[in-house]
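Peer 1: Given the sequences, and given the hints that come with them, work out the whole structure.
Order-wise, the sequence lines are chains A and B. So in our numbering, spot 353 of the first sequence is number 1307, and the numbers just go up one at a time. So in our numbering, spot 16 of the second sequence is number 970, and the numbers just go up one at a time.
A portion of the hints provided could be inaccurate.
What the hints assert, rightly or not - Listed below are several chain B residues computed to face chain A (Cβ distance under 10 Å; list not exhaustive):
1) W994
2) L1016
3) Q1019
4) D1045
5) T1050
6) G1053
7) I1070
8) D1073
9) N1094
10) L1296
11) A1433
In case anyone wonders, no lab produced these hints; they're calculated from the structure. These numbers come from a predicted model, not from an experiment. Backbone N, C-alpha and C define an ideal beta-carbon position, used for all residues, glycine too.
Number of protein chains: 2
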Amino acid sequence: MKGQVKSITKKSQNISAWYNDVIERAQLAEHGPVKGTMIWRPKGFVLWETVQKILDTRIKDLGAQSVYFPLFIPYSFFSKEKEHIKGFAPDLAVITHGGGEKLKEPLVVRPTSETIMYDAFSRWIQSFRDLPLIFNQWCNVVRWEKRPYYFLRTTEFLWQEGHSAHENNEDAQKMVDEALKMYVDFYQKVLGLYGYAGRKSESEKFPGADATLTFEILMPDGKIVQGCTSHNLGQNFAKVFKVQFQDKVGKLQYVYQTSWGLSTRSIGAMIMVHGDDNGLVLPPRLASTQVVIIPITTKSSDNKTINDLANKAYELLASYSTRVKLDNSDQSVGWKLNQYDLEGVPVRIEIGSWEATNKEFSIGVRNNKSNYTVSKLEHLAENVQKLLDGMQISLFEKSKQFTKDNTRQADNYPQFKEIMETDRGFIEAFWCEDPDCEAKIKQETKATTRCLPLGSMETEGKCIYCKKPAKFRWLFGQAY
Amino acid sequence: MKGQVKSITKKSQNISAWYNDVIERAQLAEHGPVKGTMIWRPKGFVLWETVQKILDTRIKDLGAQSVYFPLFIPYSFFSKEKEHIKGFAPDLAVITHGGGEKLKEPLVVRPTSETIMYDAFSRWIQSFRDLPLIFNQWCNVVRWEKRPYYFLRTTEFLWQEGHSAHENNEDAQKMVDEALKMYVDFYQKVLGLYGYAGRKSESEKFPGADATLTFEILMPDGKIVQGCTSHNLGQNFAKVFKVQFQDKVGKLQYVYQTSWGLSTRSIGAMIMVHGDDNGLVLPPRLASTQVVIIPITTKSSDNKTINDLANKAYELLASYSTRVKLDNSDQSVGWKLNQYDLEGVPVRIEIGSWEATNKEFSIGVRNNKSNYTVSKLEHLAENVQKLLDGMQISLFEKSKQFTKDNTRQADNYPQFKEIMETDRGFIEAFWCEDPDCEAKIKQETKATTRCLPLGSMETEGKCIYCKKPAKFRWLFGQAY
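Peer 2: What follows is the structure, given as structure tokens:
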């Protein structure tokens, strides 16, 4: 491949430069020719393919059916729900010409699909028997991005959007909760990321929703990524798009709706939290190659014995559905070790003369650089699986510990400001829930409300900013 | 669901009306609010999900890696290859505004991704060691459509596009041939559709290609669907985008490229060929429900025995990975029979009092309305599989026979015109390969050259139009 091999900036030195370097050096992605767009190279896209495969099954388990709605939405649809258009107007990409002609009505490239879907729901839903209606689509969406950043902020991004309609608010809320729970579980168990689940403030919630749930994840630089959202849309869209059903006693009612999504920014959060100065560190459950076997052959070694053992190890692990790769290419061993570190392959097995003679395996684990020896082929599969499982847990525990260490209470505004000027991270602080205070805090410190954690207990406090009564400690932080 | 139940127009009466009726009644799709766009409902989208699942494995077997390139392409990229922009300009959707501002350069919504991909290839390919490079992406593309038709002609459609770069033309041609072979096999074995594989004429080939291979499928109304294409791009794009590599002796060379795609129109062809007056007829390998079990319970029947047997049958078939559904909903038996006919479920098993008492199964097969009795549970799985396999073959054989019956030789132009005015279908006719004759034939009869079938033998003949010497009989027909 073309281009100079440049070294990776140290993560501790400049995390933005490190992040860009890792992504480009590991050949995950490149910037597209249109500002804000991104080219997904094979090693990057395979991560999203895996996310899709795992999450799609879980989404279907929630009762969702797969659909696909058009990319182009009439501008008039979009402007029907007043909060919705207000929230999205600045980010829209607009089509004015098609098929060589100027269009009568400009078209919006979907930034999200509530409007076009719910217009259809109004035709498809008639009776309580048609409810709940739960749909999901995997697609590309466009929201104009002026400060692009790989995976985390791109003009076009990939996601899934779930949409549902229910008879009552209770059922809708249950859907919202279940979707969030699915995402949290996915982040924790598959991506190995800890975070806080909670409710968004009125000004941070989805434009057109009654309430938005979120999962907020701390990055190593003290900034925070919104990992997903799950919205209770109430009857807001139902009233605008006339989505009505006859209930069990024959009365016409508006449906209660939800929408929920997880996007390719999840990949960005995973890279940023787990990666190190040597490159990517992939959680074993996400990695398309979980184990790489490297035979170390030299001119003087008994290469047949080495390769035979490497092949046996490969076949054994493959038979247990471990995603294993045997690299007997003619690249140097040093190159291979660096390359698989860069690519973040969780477990590396080296087989040289010593190992071949003694029927041993030297095993390295990517995240903590620890080394192990397994003494017999029949113990290999079990031990590799233990190391993979251990690494998966260890990545999560590290993310959890880091988040807890960087979650601080601020009892007054000077303290709050000091934290934002130094470590950032999550700040727990009383807030009166007045959007004015929220806006001023953001302006002065860059911190926004991230969420009110689920299960927060009501108590008595004073707003960190205006000192008026406040019921809850909210989580603040600087968003990506 | 809302809306009057309207009956389906007879296929023999008006095939366009029948096609629209079937698609809407079986709830596969609906028109989108923007002209030319289409809403994929769950029963429609699941067909594409299945196509993707089956074809993706085969594409990866060809050595392709999954990638994703941006939706938006700078207009300037698009206009670099002269034939390419000439071919696509009339169909482009153009973005002029983004993020609330007028853009400096208009953007094209991808109608295909050669230009944006090969610009990247020029950075990624350096040496012969980087070749072959074989990529595939599943995505949406936009080509403005003024006469939309479900699945077959939509402004936005879904497809996969494969792209490769090779050291020499021989390797590129091998890729083109393998891709076509994969598509033909998929059409024949999975979708149950016969057709002709061949090479496009100079005026019908892909804009920017040296040569285009195609698989052409006859529809019941005598018109023809182009089922897929596989292009040998030669060095045309390589020269424009400077995609070069150092060969084994250190000389700088342009790569040889290919691209190949199959789109959602494959679903349209499948519906149109196999469907009948009662609705869809789905090939078993494509059907997400291959078998439906309907217990026929009445007030006087022994419903426990019936339901027990139905459950046993369900579990047995599911254990063999048959995609089976047990419908014990409270809809009437008549409704169910009509509904599963409409949806095209290949095999139906009815279990009533008689069957429960005698431990028998009454089996109906969707395509030929034949009925069978299987006398013991232990024979059920084997017999159902035979019926599914038989139906799969029978659909293909019918398509093959129909195509052969409607492939006619025309030895003079009056004969050619008469066929086009009556039965249409495929016409084999000598053509001198002069684009002027081709254009005039199209203007006068609506027939275009569909392809020169692979393996056609050179001989001596006279052009059907100008009577000048012609070497081959080409296949003509009216395109969808």
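Peer 1: Each hint: holds or not?
Peer 2: Verification of the supplied hints:
1. W994: With a minimum Cβ separation of about 4 Å from chain A (threshold 10 Å), the hint on B/W994 holds.
2. L1016: Where the cut-off is 10 Å and the nearest Cβ of chain A is about 14 Å from B/L1016, the hint is violated.
3. Q1019: holds, 4 Å
4. D1045: OK, holds: B/D1045 within 10 Å of chain A, min 6 Å.
5. T1050: holds, 5 Å
6. G1053: holds, 3 Å
7. I1070: OK, holds: B/I1070 within 10 Å of chain A, min 7 Å.
8. D1073: holds, 7 Å
9. N1094: holds, 6 Å
10. L1296: violated, 17 Å
11. A1433: Check failed: Cβ of B/A1433 comes no nearer than 18 Å to chain A, outside 10 Å.
When each numbered hint is compared with the structure, violations occur for hints 2, 10, 11.
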